[in-house]
Structures are given as structure tokens and as C-alpha cells.
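Participant: These are the residues of each chain, in order.
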Amino acid sequence: TQLLEQSPQFLSIQEGENLTVYCNSSSVFSSLQWYRQEPGEGPVLLVTVVTGGEVKKLKRLTFQFGDARKDSSLHITAAQPGDTGLYLCAGAAGNQFYFGTGTSLTVIP
Amino acid sequence: DVKVTQSSRYLVKRTGEKVFLECVQDMDHENMFWYRQDPGLGLRLIYFSYDVKMKEKGDIPEGYSVSREKKERFSLILESASTNQTSMYLCASKVGGAGNTIYFGEGSWLTVV
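These protein sequence lines map, in sequence, to chains G and C. Letter 20 of the first sequence, counting from 1, is numbered 0 in the working numbering, and no numbers are missing. With the second sequence counted from 1, adding 7 to any position gets you the working numbering.
Chain C extracted, bound-state conformation (with noise of 0.2 Å):
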């Protein structure tokens, strides 16, 4: 079974802390996601990447950087965390190549006050 595990389930910061997120595979998968879920706007994606240390912008990525310095590790990092960003955030991770099938971590809530 492919695992993808999320290493903080639930996190509270303070407006203006640096935040990091890691996500690990097990599968020896290329590519690797982070996404955002809030209620009513879905799945939005963050950044992705194909390859170690190779990173591409999604949809949203103001106010989020990421890291890949090994192949099974794809760390999400806040560099100062705002209240907009409260959300729940989840990684995932796929085999290289067009279409394949798409794993999910468990997921991080994190709460910015």
C-alpha cells in the first residue's frame, strides 16, 4: 500500500511564525503535491514538484515556499504565517508521467492566531 505521511496532524501558530509542513512517501514516487482545502473552494494546489529539488508554482503560491532535497520528502514551508492561511493542507504524491493515480496524506490542520 502506498503511504504518505504527514508529520503534524494539528498545529496552532502565531501570526508571523515561520511554519514548515513535511510530508514523506514510502512508494518511491517523482512527484509530489501540496494542497489547501477550504470549505466551498476545493482542493487548491500549492506547488508541486516532478523530480528532487525541482519545484513548479500551482494555483496559489503566495506566501509559500517548498522544499525537496530528497526524493521522499516535500516540505511545505510558511515563512511568516498569516490568518488567511488557517486551512488544511495536504500532500500527496504519484508515480512520474501523464495520468497515474494520486495518494493522500491524512492531512495538517493548521490554525494561525
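Chain G with its partners taken away, still in its complex shape (with noise of 0.2 Å):
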């Protein structure tokens, strides 16, 4: 059963731009971790987020936890191309983990 909605599922844009990636669920999560992915490889963690309200930066990537812990969203400020890969979010419920589909970013140069 797939909890989390991730949007947008593509996004391509250009360097120095601005977007942000939203995961939306109707149930609630005791955590949300996001995760980034390049192709071939595992996805490697960027954030855990825990409390309700909870934001979180790192660097030019700010992560936000909703104030239900039902939905989160990253914001990404004047986009590199290293910031190109594929962003999955995924919530904690009990012991099990719930993810999201992705979001398939590329930064054009």
C-alpha cells in the first residue's frame, strides 16, 4: 500500500532556480526521512525530521515536517547540477517504513 504521494514526479530546471518537492500523506508518521539517489547507486540519507513543525536546513536544502506529521516538503534555493538525482521521502510508522515514489530532479547547467 503506497501512504506517501510524492509531487512533482519529474522536475527539470535550470541552475540558480528555486523548487520544492512535496510528500503528502493522510496518515500520521512518527518520523520522515528524505532521502537522494543517483542512478546505479543506494539512497543516501539527507535529513530526519521528527517533531511536528520541525524544520531542518542543510545548506541550500530546507526540509519541513507538517505540524500533523502527515506531510513534509524540501525546498531547494538556486539549484546546482549537483543537486541532480532522485529524492525520496519516507515516513516511519511503528516498525515499518512507508516511501514515497520520488521526485526525478535535473538541473540543466
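Hints listed in this document are in silico derivations from the structure and should not be mistaken for laboratory results. Where a beta carbon is used, it is the ideal one built from N, C-alpha and C, also for glycine. Be a bit skeptical, because a hint or two may be false.
[To be verified] Below, computed lysine-lysine pairings styled on DSBU-like, alpha-carbon distance capped at 35 Å:
| id | chain 1 | residue 1 | chain 2 | residue 2 |
| --- | --- | --- | --- | --- |
| 1 | C | K64 | C | K25 |
| 2 | C | K25 | C | K62 |
| 3 | G | K37 | C | K10 |
| 4 | C | K77 | C | K25 |
| 5 | C | K10 | G | K36 |
| 6 | G | K36 | C | K78 |
[What the hints assert, rightly or not] One-sided excerpt, in silico: chain C residues whose CB lies under 10 Å from chain G:
| id | residue |
| --- | --- |
| 7 | V11 |
| 8 | Q13 |
| 9 | Q44 |
| 10 | G49 |
| 11 | Y57 |
| 12 | C98 |
| 13 | G104 |
| 14 | Y110 |
| 15 | F111 |
| 16 | E113 |
| 17 | G114 |
Each of the two chains sits in its own frame; use the hints to bring them together as a complex.
Facilitator: Structure, rendered in C-alpha cells:
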């Protein structure tokens, strides 16, 4: 069962632009993780958010967990070609994890 | 840093062969997972294990089995590989208990011809 909806599925932007990726659910999660995956590699953890309303920053990346802990967003400022990849969100509920289908981002130099 | 290591990055096997995918983690994590990732389908859970010698079926266990004889090692077995098992296989681990962060290995690309 797919509990997490990610949008958009595909995104192609010019270097220097800003973008936001959304991860939405009707379920409550105890924590939510964001990963970046490059072709042929495993997902690499970017951040874990735990508290409703929490905001975390990682250089040009800003992550927010919704107040009700049902959704999250990832905002990238001044995107760089090195940001290209598949972005996955994953929600933890009990001992289970539920993954979004991912957002494929291409940043054009 | 957490390290999840998958021993085989790229494999090509023939239909009907028995295939072993090995995964080792070095952080004493109780929980380990095997997923497969296919375009348009996202990550799908095959099997997971809460502890040594324990295993639970995930969403798509058919055609697969697993073994966890030691805490650090979780093996995925394809008893008789078929072409529809061509995929990227991802091993993951985490500390036991609810929530916590899940960490992935580098992935194993399996092609069945």
C-alpha cells in the first residue's frame, strides 16, 4: 500500500532556480526521512525530521515536517547540477517504513 | 557512520539459477530489510528481520527467501531466478524499535537472462 504521495514526479529546471518537492499522506508518521539517490546507487540519507512543524536546513536544502506529522516538503535554493537525482521521502509508522515513489530532479547547467 | 555493505553490485544470472545476495551492516542494528526498486513502482519490501533467525514477509515475498544467522548479516535468496526478478535490490538496516532512521546499502543490480 502506497501511503506517501510525492509531487512532482519529474522536475527539470535551470541552474540557479528554486524548487519545492512535496510529500503528502493522510497517515501520521513518528518521523520522516528524505533521501537522495543517484543512478545505480542506493539512497543516501539527507535528513530525519521528528517533531511536527520542525524545520531543518542542510546548506541550500530546507526540510519541513508538517504540524500534524502527515506531510513534508523539501525546498532547494539556487539549484546546482550536483543536486540532480531522485529524491525519496520515507515515513516511519511503528516498525514499518513507507516510501514515496520519488521525485526525479534534473538541474540543467 | 553507518555502513551497510552489499557484496555484489552487478550480477547477471540465467533463468532457473539460484541467486544469493548478501548484506552486512556494522552498527549492531537489530532490524534489517530487503527491498526491490523498479521504475514507476518505487521501493517494495520483500522481507524484513527484527532479530537473528527472525524473518517476516513484506509486500512481495513470492519467489524469495531470506536468512539471518548472524545479527550483522541478512541474505536474500532467489531459489530459481526468473526474468521478472531483474531489478535493483536494496538492503537496509536500522536500530530496533519504532521509528528511527533506516540506512541503505549501495544496491545490487540483478539481471536475469
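Participant: Flag every earlier hint the structure violates by its number, smallest first.
Facilitator: none
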